[in-house]
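2 protein chains.
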Amino acid sequence: MIKHESTVPSCECEELHAELIEKNRATMPDESTIYDLADFFKIFGDSTRMSILFAIDGAPMCVCDIAALLGMTKSAVSHQLKILRQSDLITYKKVGKNVFYTLSDDHVRDIIEKALEHIKE
Amino acid sequence: MIKHESTVPSCECEELHAELIEKNRATMPDESTIYDLADFFKIFGDSTRMSILFAIDGAPMCVCDIAALLGMTKSAVSHQLKILRQSDLITYKKVGKNVFYTLSDDHVRDIIEKALEHIKE
DNA sequence: CAAACGGTTGAACAACCATTCAACTATTAT
DNA sequence: ATAATAGTTGAATGGTTGTTCAACCGTTTG
Numbered sequence: 001m002i003k004h005e006s007t008v009p010s011c012e013c014e015e016l017h018a019e020l021i022e023k024n025r026a027t028m029p030d031e032s033t034i035y036d037l038a039d040f041f042k043i044f045g046d047s048t049r050m051s052i053l054f055a056i057d058g059a060p061m062c063v064c065d066i067a068a069l070l071g072m073t074k075s076a077v078s079h080q081l082k083i084l085r086q087s088d089l090i091t092y093k094k095v096g097k098n099v100f101y102t103l104s105d106d107h108v109r110d111i112i113e114k115a116l117e118h119i120k121e
Numbered sequence: 122m123i124k125h126e127s128t129v130p131s132c133e134c135e136e137l138h139a140e141l142i143e144k145n146r147a148t149m150p151d152e153s154t155i156y157d158l159a160d161f162f163k164i165f166g167d168s169t170r171m172s173i174l175f176a177i178d179g180a181p182m183c184v185c186d187i188a189a190l191l192g193m194t195k196s197a198v199s200h201q202l203k204i205l206r207q208s209d210l211i212t213y214k215k216v217g218k219n220v221f222y223t224l225s226d227d228h229v230r231d232i233i234e235k236a237l238e239h240i241k242e
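Chain order of the listed sequences is A and B. Going by the working numbering, the first residue of the first sequence is number 1, and it counts up by one from there. Going by the working numbering, the first residue of the second sequence is number 122, and it counts up by one from there.
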């Protein structure tokens, strides 16, 4: 087919709907808030991390137990635990050679619960 | 007395805390549910998609407007809109040359709201 | 002390994913 | 009909990220 070549790559919507754009921009959160929000959700966006959260939801578990439960290596689990720790979603307590991990917040349960409701439809 | 065999690189936690593992495993959701949940959160785990959701939260917008508001190309926005569409988070309506996108669900607002509360602490 | 175990960490690799680019469709205006 | 605009799409690319591997630290046991 024949290519059209004289096209100018510009959009005139900005002039057409300038008011709408400004109105909607005004109701949006700060850019940094949006980034924080996306980063927060990113933590939950991995099935391994999600599994870990559910695993320790019932009772605190050590790394070795979590690895056995999920059928993964201790290393892989530990890497993900670090991410969950840095996000303040879990806390840990050393007992002898073991490190027991616990959910740090009921807030987390709420969000996951809401999402579960949305999924089941 | 039987002497210890040569060292085997295995973890003995499974034997030590077998009961705990089985108890916690019992309270976990299906594997497929966890995957669905992670996939759901993955959608929100990108600042561009999050920005789009906030942008059209106030009022429906066309692709060109969204692109102008976010300072992105129409192509990049369109790609993300496709993902949001496939997840049933947004709906669209064609009006002449334009395509207006809208949030499809109040459920989505709830989840984002909960997460915002968690962030602001 | 030395060996063994639970756990952590950094580097390397592979898989995934968001943006860009170019070409395409569809609708409207000249 | 032709050109311009709004939007979509597939391939390519560069960045991100989860897992593996090996080495390491801290605690406990012989």
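Hints in this document: simulated from the structure, not taken from any laboratory. Note that this is a predicted model, so its numbers are computed, not measured. Wrong hints could be hidden among the right ones.
[Stated by the list, open to error] Below, in silico cross-link-like pairs of lysine-lysine (DSS-like), each with a Cα-Cα straight-line distance of 30 Å or less: (1) Lys-23/A - Lys-214/B; (2) Lys-214/B - Lys-203/B; (3) Lys-203/B - Lys-42/A; (4) Lys-163/B - Lys-97/A; (5) Lys-195/B - Lys-93/A; (6) Lys-23/A - Lys-144/B; (7) Lys-241/B - Lys-215/B.
[To be verified] One side only, chain B facing chain A, incomplete, derived with CB under 7 Å: (8) Thr-148; (9) Asp-157; (10) Phe-161; (11) Ser-168; (12) Ala-197; (13) Tyr-213; (14) Gly-217; (15) Lys-235.
Every residue gets a Cβ at the ideal spot worked out from N, C-alpha and C, and that includes glycine.
Results of checking the hints against the structure:
The suggested pairing of Lys-23/A with Lys-214/B holds, with an alpha-carbon distance near 20 Å, which does not exceed 30 Å. Annotation: proposed proximity of Lys-214/B to Lys-203/B holds, straight-line Cα distance about 14 Å (limit 30 Å). As the CA atoms of Lys-203/B and Lys-42/A are separated by approximately 19 Å, the hinted pair is consistent with the 30 Å bound. Distance check on the hinted pair: Lys-163/B and Lys-97/A sit about 35 Å apart at the alpha-carbon level, beyond 30 Å; violated.
The suggested pairing of Lys-195/B with Lys-93/A is violated, with an alpha-carbon distance near 49 Å, which exceeds 30 Å. A C-alpha spacing of about 53 Å is found between Lys-23/A and Lys-144/B, which places the hinted pair above 30 Å, so the restraint is violated. Of the pairs offered as hints, the one joining Lys-241/B and Lys-215/B is violated, with about 38 Å between alpha carbons and a cut-off of 30 Å exceeded. Hint on Thr-148/B holds. Least Cβ distance to chain A is approximately 4 Å, under the 7 Å limit.
For Asp-157/B, the interface hint holds, the least distance from its beta-carbon to any beta-carbon of chain A being 5 Å, beneath 7 Å. Given hint, Phe-161/B at the interface with chain A, holds; its Cβ is 6 Å from that chain's nearest Cβ, closer than 7 Å. Hint status for Ser-168/B relative to chain A: holds, with the closest Cβ pair at about 4 Å, below 7 Å. Evaluation of the Ala-197/B hint against chain A yields a violated restraint, the C-beta minimum of about 13 Å exceeding 7 Å.
Residue-level restraint check for Tyr-213/B is violated (minimum Cβ-Cβ distance to chain A is 16 Å; threshold 7 Å). Restraint check, Gly-217/B versus chain A: the minimum CB separation of about 12 Å is more than 7 Å; hint violated. Proximity of Lys-235/B to chain A holds as hinted, the smallest CB-CB distance being about 5 Å (cut-off 7 Å).
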